[in-house]
Amino acid sequence: MQLKKSKDMSISKLLAVATSSLLAGTAQNVLAVDANNEWQVDSAVLVYSETDRVSVVEPVVSTRKKIGDDEYVKFQIVADALTGSSPNGAIKTDSVQTFTSPSGSGVYTTAAGTTPLDPSFHDTRGAISGEWEKPLNEKLKGIFSANYSQEFDYSSLGIGANLAWDFNQRNTTLTTGISYNLDQVKPVGGMPPGLSAMPTTTSVSKSKLGDTDDKTIAALLLGVTQVMGPMHLLQLNYTYSNEDGYLTDPYKILSVLDNSGALRGTDPYLYEKRPTTRTRHAVYLKDVKQFGEDVLQFSYRYAWDDWGIASHTVDMRYRYELNGKNYIEPHLRYYLQDKADFYYYNLVDGNTPQYASADYRLGDLSTKTIGIKYGHVFAENNELGIRAEMMQQQAEGDARFPDTDAAIIQLNYSFNF
Amino acid sequence: MTLKVLCLGILSVSVTLAGCSSMGVKPWERSHLAQNKMQLEPYKLDSFLDDHIYFSKEGSSGGRGAGGGGCGCN
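One line per chain: the protein sequences are A and B, in this order. Going by our numbering, the letters in the first sequence line up with residues 1 to 417, in that order. Going by our numbering, the letters in the second sequence line up with residues 1 to 74, in that order.
One or more hints might be untrue.
Said to hold, decoys possible - Quick list of in silico lysine to aspartate or glutamate cross-link-like pairs, EDC-like style, CA-CA up to 16 Å: (1) B:26 to A:131; (2) B:44 to A:166; (3) A:373 to B:58.
Claimed, not checked - Ranges of calculated distance between the beta carbons of each label pair, as one might list FRET restraints: (4) A:330 to B:23: 51 to 59 Å; (5) B:23 to A:292: 17 to 25 Å; (6) B:23 to A:210: 51 to 59 Å; (7) B:23 to A:72: 22 to 30 Å.
FYI, nobody ran anything at the bench for these hints, they're computed from the structure. Predicted model only: the values in this text are computed from it and were never measured. The beta-carbon is built from N, C-alpha and C at its ideal position, and this holds for glycine as well.
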């Protein structure tokens with residue numbers, strides 16, 4: 001299929017190209033235009049900023065090229081720089097608190113009545129990935145991928161394979177996929193033994209199990225996509241994953257209170273400890289429906305795992321066409337989570353469980369996101385977009401935690417060369 | 001509360017499925033489905049960056065595909 005560059009492609013040509021593309025493609029993931037001999041480039045810069053906490057800048061460039069009949073290669077490179085403060089897991093108290101930094105060579109303090117935040121939180125991450133999409137026969141497509149990422153205290157290497165089989169006149173697509181990741185953790189200051197005491201002065205050495213440890217993640221996907229009508233798609237996925245290895249956050253601690261409710265005098269803070277395995281499940285439903293020229297994207301996910309976490313996620317985007325070249329897309333997302341079995345706001349002296357974490361991300365939690373995107377289409381595969389969103393996280397039913405508020409700004413630009 | 005939300009999800013699925021009296025289309029009826037905005041993930045970088053944000057901030061993740069890891073995400 002050949003396509004000439006044109007800023008004003010007629011509707012009839014566009015429909016012809018679109019139809020022929022679909023006849024050759026699958027029920028899902030079919031694009032109207034293939035730019036032969038050109039790289040399709042998608043780029044974006046994300047700025048994520050929490051009030052008084054973490055800020056992230058993350059640029060991404062993704063390129064895709066057709067190398068044969070319905071055969072594509074794709075490469076992606078990502079960088080992110082993260083600065084700011086992150087909750088260390090300790091509770092706020094009526095007095096000043098002193099903590100040692102992860103390296104053990106410095107200290108930081110938290111004022112009375114404020115949630116303790118570790119100010120030494122910073123990271124730089126680079127990630128690359130490649131993907132090869134190849135038709136295996138007329139109705140079967142394979143997608144094979146590999147990825148690698150590196151942070152100063154974490155690295156990850158992964159591979160994956162997906163198969164998509166079309167049938168029922170290409171109205172139904174069955175998808176199955178597997179992936180395997182081998183990650184290595186190399187915390188600053190080494191890995192503290194779980195539930196061991198965090199030194200409160202630099203004169204006491206931090207005990208550690210070692211400098212590095214591994215974790216593996218194996219995942220399986222089973223999915224079906226159904227064309228429901230000329231303007232309606234439905235997708236249902238089930239995913240399963242198994243994590244094995246070092247799953248603890250080496251920088252998080254818990255406060256230990258005595259019977260009077262005050263921090264105990266000796267070893268008031270313990271490093272957290274999580275199980276070394278985790279099995280996760282998720283059921284994901286996505287509905288895409290067109291109303292006139294507008295498109296509603298709705299998804300619902302129910303996820304649960306053997307740590308006791310269960311969550312519901314509802315996501316909705318409505319693309320409202322202003323004219324042929326411009327659109328706006330409001331976005332709403334709501335997430336609700338039940339806590340992990342080993343989540344504790346704090347521990348009590350003399351009652352130390354087998355596993356414990358005070359990481360608020362493992363507690364009863366809700367996230368609300370509201371945002372809007374504006375897009376301008378210059379031509380096929382040549383588009384500019386900007387989105388602005390506000391995110392708020394709340395500890396459900398626990399007023400002791402302050403809300404986490406974040407602003408999200410993202411700029412996108414897509415083009416061919 | 002969890003049960004109510006689950007029931008609401010199941011009800012949404014049921015209504016969606018019940019509303020589809022005839023599933024599937026003929027090849028010549030695919031012009032709308034061919035548009036980029038009608039793909040399951042029309043803007044993959046948006047999805048990718050959203051996944052990174054929520055993977056870092058919430059206890060659950062995934063669902064769209066097989067994959068995981070790749071981030072310490074403290």
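For each hint, the structure was consulted:
Taken as a hint, the residue 26 (chain B) and residue 131 (chain A) pair is broken in the structure, with Cα atoms around 31 Å apart against an allowance of 16 Å. The hinted pair formed by residue 44 (chain B) and residue 166 (chain A) fails the criterion: a straight-line CA distance of about 22 Å is larger than 16 Å. In summary, the hint linking residue 373 (chain A) to residue 58 (chain B) is not supported, as the alpha carbons are separated by about 23 Å, beyond the 16 Å threshold. Separation of residue 330 (chain A) from residue 23 (chain B) is about 29 Å and departs from the stated range, judged on CB atoms against 51 to 59 Å.
A hinted range of 17 to 25 Å for the beta carbons of residue 23 (chain B) and residue 292 (chain A) is consistent with their spacing of about 22 Å. As the Cβ distance of residue 23 (chain B) to residue 210 (chain A) is approximately 56 Å, the hint placing it in 51 to 59 Å holds. In this structure the supplied range 22 to 30 Å holds for residue 23 (chain B) paired with residue 72 (chain A), their Cβ-Cβ distance being about 28 Å.
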